[in-house]
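Asks: As a plain string of letters, each chain reads:
2 protein chains.
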Amino acid sequence: MSQTIPYKTYLEESEMPKQWYNLRADMKHKPAPLLNPATLQPMTLEELSQVFCTELAKQELDDTTPYIDIPEEIREYYKTYRPSPLVRAYFLERALGTPAKIYYKFEGNNTSGSHKLNSALAQAYYAKKQGLKGVTTETGAGQWGTALAMACSYFDLDCKVYMVKVSYEQKPFRREVMRTYGASVTPSPSMTTNVGRKILEEHPGTTGSLGCAISEAVEAATSQEGYRYVLGSVLSQVVLHQSVIGLETKAALDKLGVTPDIIIGCAGGGSNLGGLIAPFMGEKLRGEKDYRIIAVEPASCRSLSRGKFAYDFCDTGKVCPLAKMYTLGSGFIPSANHAGGLRYHGMSTILSTLYDEGLMEATSVEQTAVFEAATMFARVEGILPAPDSSHAIRAAMDEALKCKETGEEKTIVFGLTGTGYFDMVAYERFNNGDMTDYIPTDDDLKPGFDGLPNVNL
Amino acid sequence: MSQTIPYKTYLEESEMPKQWYNLRADMKHKPAPLLNPATLQPMTLEELSQVFCTELAKQELDDTTPYIDIPEEIREYYKTYRPSPLVRAYFLERALGTPAKIYYKFEGNNTSGSHKLNSALAQAYYAKKQGLKGVTTETGAGQWGTALAMACSYFDLDCKVYMVKVSYEQKPFRREVMRTYGASVTPSPSMTTNVGRKILEEHPGTTGSLGCAISEAVEAATSQEGYRYVLGSVLSQVVLHQSVIGLETKAALDKLGVTPDIIIGCAGGGSNLGGLIAPFMGEKLRGEKDYRIIAVEPASCRSLSRGKFAYDFCDTGKVCPLAKMYTLGSGFIPSANHAGGLRYHGMSTILSTLYDEGLMEATSVEQTAVFEAATMFARVEGILPAPDSSHAIRAAMDEALKCKETGEEKTIVFGLTGTGYFDMVAYERFNNGDMTDYIPTDDDLKPGFDGLPNVNL
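Protein sequence lines correspond, in order, to chains A and B. FYI, in numbering that gives the first Met the number 0 the residues of the first sequence are 0 to 456. FYI, in numbering that gives the first Met the number 0 the residues of the second sequence are 0 to 456.
Because the hints were derived from the structure by calculation, they are not lab data. In this text the structure is predicted, and so the values were computed from the model without any measurement. Worth double-checking, as some hints may not be accurate.
Because identical chains cannot be distinguished in the list, a pair is counted as satisfied if it fits within a single copy or across any two copies.
In silico BS3-like links for lysine-lysine, alpha-carbon gap of 30 Å or less [unchecked claim]:
no. : residue 1 : residue 2
1   : Lys-132   : Lys-100
2   : Lys-17    : Lys-78
3   : Lys-254   : Lys-7
4   : Lys-307   : Lys-409
5   : Lys-254   : Lys-283
6   : Lys-127   : Lys-164
7   : Lys-409   : Lys-78
8   : Lys-27    : Lys-307
9   : Lys-7     : Lys-17
10  : Lys-78    : Lys-100
11  : Lys-132   : Lys-317
12  : Lys-57    : Lys-78
13  : Lys-132   : Lys-197
14  : Lys-17    : Lys-254
15  : Lys-7     : Lys-127
16  : Lys-78    : Lys-254
17  : Lys-403   : Lys-78
18  : Lys-17    : Lys-128
19  : Lys-100   : Lys-127
20  : Lys-401   : Lys-78
21  : Lys-78    : Lys-7
22  : Lys-7     : Lys-100
23  : Lys-409   : Lys-288
24  : Lys-128   : Lys-7
Same shape as in the complex, but just chain A (with noise of 0.2 Å):
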């Protein structure tokens, strides 16, 4: 096919970002600050930095300076995996046969398979900067946790993961990459923790959830001396360090002279959809452009859509801070057939709050509809995707194909977090026609989820 523009844009090394964008710093209504469980009071500096280490706290809290450097070791190692191709989707628009321009941003290229090394590198820099000895974190499906081990191996950390059970017996080869970067992996939950054993003890053949390997790996980081722990999403630190997505996103269009009018991202914990967008997003908040920007929920988890914008706990043991975001309740467990990930009942407090003034969309996609994009975008484009990314990979298509209706040459942008070479037993399911679409649980078919008692601010 003739093109003017390349399969793939890479920046030089020279052009990659400096400096992470703080996208508070444009917001008129700054997010709410988190909680303090036990107070109900504004969480303070010294409150976060017994959790977190200390720049990572002050990075938490601001949400005035609007461009913070990337410290030269960050960069130098970004430089191993970054700057991360701009795709033009020509086979894809091909494929669909429509008159829309679609471009991704693939961040699956390293070997941790996401975007996650790039806030992962940053927190073990400020821990090892600090002089602590290591990080305690938790994991489910292994990304953030892989991209942690790589990040800590590189800055000569410790790194201490909990992994939960059902995962570490049934995903052996993330467990083995996390343990050839050097971390040690504990299924959760594990005989090392009071709350693991308490866990335990009442439920002797539980396998585990993300809530409880949070509660061990809190209580293993502030139990020990020179540990402190770091968390892969929802925080605004994170959404900071994920900026460097957008920027190198932007800097690549307005190389080529492409705008934009479609920006598109999965939602989870928001921390990629939230880097990605950070520059379009200040310019729309600065009245300077606009542009339709959707977030990409599974039909099964919807936090923004379906959720009520309330404070409450970012996990399930009620452990960590209370953060003011769209949610479907800390006790929400998705539907048992849902494997697409994205499981994450909350969202960043940053998105939530662009949701809630009208700034962003969500959609929601069904995990059947997502694996058939999926399929269909492997054998065109060559990469295999995660299934969480493949989320904004239908909702990109299904823009594209109202293209097609309308004739309209819209250019549509979407974020490629990762590629699915660990998620080959939900690919099975799905080759196998044994996938089938959301089914509500229980829990879904109560009224939503109303708000904490008394924590009505």
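On the provided structure of chain A, position chain B as indicated by the hints.
Replies: Using the frame of chain A, we list chain B on its own:
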């Protein structure tokens, strides 16, 4: 660290090779022809065309045309994952404390996880152009099968993969990637072929072998209208297609103004090494430049350094033509404890001929040393390498450490052929301390392969 050369160098799309380079054209002593196993006479175009599609049979026989156009349809698809980066291994250099300058050409950033896609696309394209319905092949670990499934999906061609039964059962993820790309994957031996049924009758509990899978794939191709058999290594046509690796490497080095002293590649059947070194060896053959060129073999399967340069069967089943090559004998079975890939008994005729003339060296490495190198590389450079590829890493590190002793600032280039995401069982064995060095088999302790009776050409 200060740098004038970027961490990663990508060619522009416009700088990507438009022709493959046929190294044979510059060889004074041409590689010996394939022989018909029935007549022991050189295979004719007609004979080869019964197994391979005609254009590929022509390429197999062409040892005079130096440059062969890459069809535009192939170049178009190459753009989905090429150009691949030439990486300056700054982090590895620093970790080793060597004055050597290390570069690697990374071929793993595509869904097949390796360089195999370069030839799979070519072979699928020519099959489609000839109007065939489909192709058949065998796969062991699954890299080649995955690459072929992707290529056939793109060119809308049926793809039948015979996968060694033990791999089919132990590597379900690889199998599902192939199925996602629309290939049918049959565990071998199977009841779908005469040879499969015969083997199952004689050995009901067998878990299969590559030799058996080849025999089934060849039978499936030759017994069905509109099908041909394809092979991912060893053949001269494959080395031709893989020259895209070396051409891109040389173009990138020329742009940077860098001339390598040493070029290193792992060697199984020879496709990656032959492709990487092609343009450099061409200069050497034409007397324009000199390079040290090193093939790295596993200690357990030293075709070049222990084998005999003689005619032998390419397959264990002895249904394929005879090739003149360094071989351990087509019945050779590598040590069962060997996890590192590169288990092929023979070696590309092109490379065998060059080695026989003293134009390249061969070295061998033990598997624990390979996994030590792989783990160190993963931690400092970020990429989790395939065990096969890690043989080249080990040898490159050893050369760089020699430079540390002598103080020489040599420039070393090696081929990093792929990623290890599907090889975590081997990494697990290493992480657990359960991996041992090469344990010689009974075969190894016998005198070396002596050549076939009556075939001393």
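Asks: Against this structure, judge whether each hint is valid.
Replies: Here is how each hint holds up against the structure:
1. Lys-132 - Lys-100: neither (48 Å within a copy, 33 Å between copies)
2. Lys-17 - Lys-78: both (12 Å within a copy, 29 Å between copies)
3. Lys-254 - Lys-7: both (13 Å within a copy, 20 Å between copies)
4. Lys-307 - Lys-409: neither (32 Å within a copy, 63 Å between copies)
5. Lys-254 - Lys-283: within (20 Å within a copy, 41 Å between copies)
6. Lys-127 - Lys-164: within (29 Å within a copy, 47 Å between copies)
7. Lys-409 - Lys-78: Answer is between: at 24 Å across copies they meet the 30 Å cutoff, but 32 Å inside does not.
8. Lys-27 - Lys-307: within (21 Å within a copy, 77 Å between copies)
9. Lys-7 - Lys-17: both (22 Å within a copy, 18 Å between copies)
10. Lys-78 - Lys-100: both (29 Å within a copy, 17 Å between copies)
11. Lys-132 - Lys-317: within (26 Å within a copy, 59 Å between copies)
12. Lys-57 - Lys-78: within (26 Å within a copy, 43 Å between copies)
13. Lys-132 - Lys-197: within (27 Å within a copy, 61 Å between copies)
14. Lys-17 - Lys-254: both (17 Å within a copy, 26 Å between copies)
15. Lys-7 - Lys-127: Only across copies: Lys-7 and Lys-127 sit 26 Å apart there, 35 Å inside one copy, limit 30 Å.
16. Lys-78 - Lys-254: both (20 Å within a copy, 19 Å between copies)
17. Lys-403 - Lys-78: For Lys-403 and Lys-78, only the inter-copy Cα distance (25 Å) is at most 30 Å; the intra-copy one is 39 Å.
18. Lys-17 - Lys-128: For Lys-17 and Lys-128, the Cα distance is within 30 Å only inside one copy (19 Å; across copies 49 Å).
19. Lys-100 - Lys-127: Answer is between: at 29 Å across copies they meet the 30 Å cutoff, but 43 Å inside does not.
20. Lys-401 - Lys-78: Between. Shortest inter-copy distance 27 Å satisfies the 30 Å Cα cut-off; intra-copy 38 Å does not.
21. Lys-78 - Lys-7: both (17 Å within a copy, 8 Å between copies)
22. Lys-7 - Lys-100: Classified as both: same-chain Cα gap 14 Å, cross-chain 28 Å, threshold 30 Å.
23. Lys-409 - Lys-288: For Lys-409 and Lys-288, the Cα distance is within 30 Å only inside one copy (16 Å; across copies 52 Å).
24. Lys-128 - Lys-7: Only across copies: Lys-128 and Lys-7 sit 27 Å apart there, 36 Å inside one copy, limit 30 Å.
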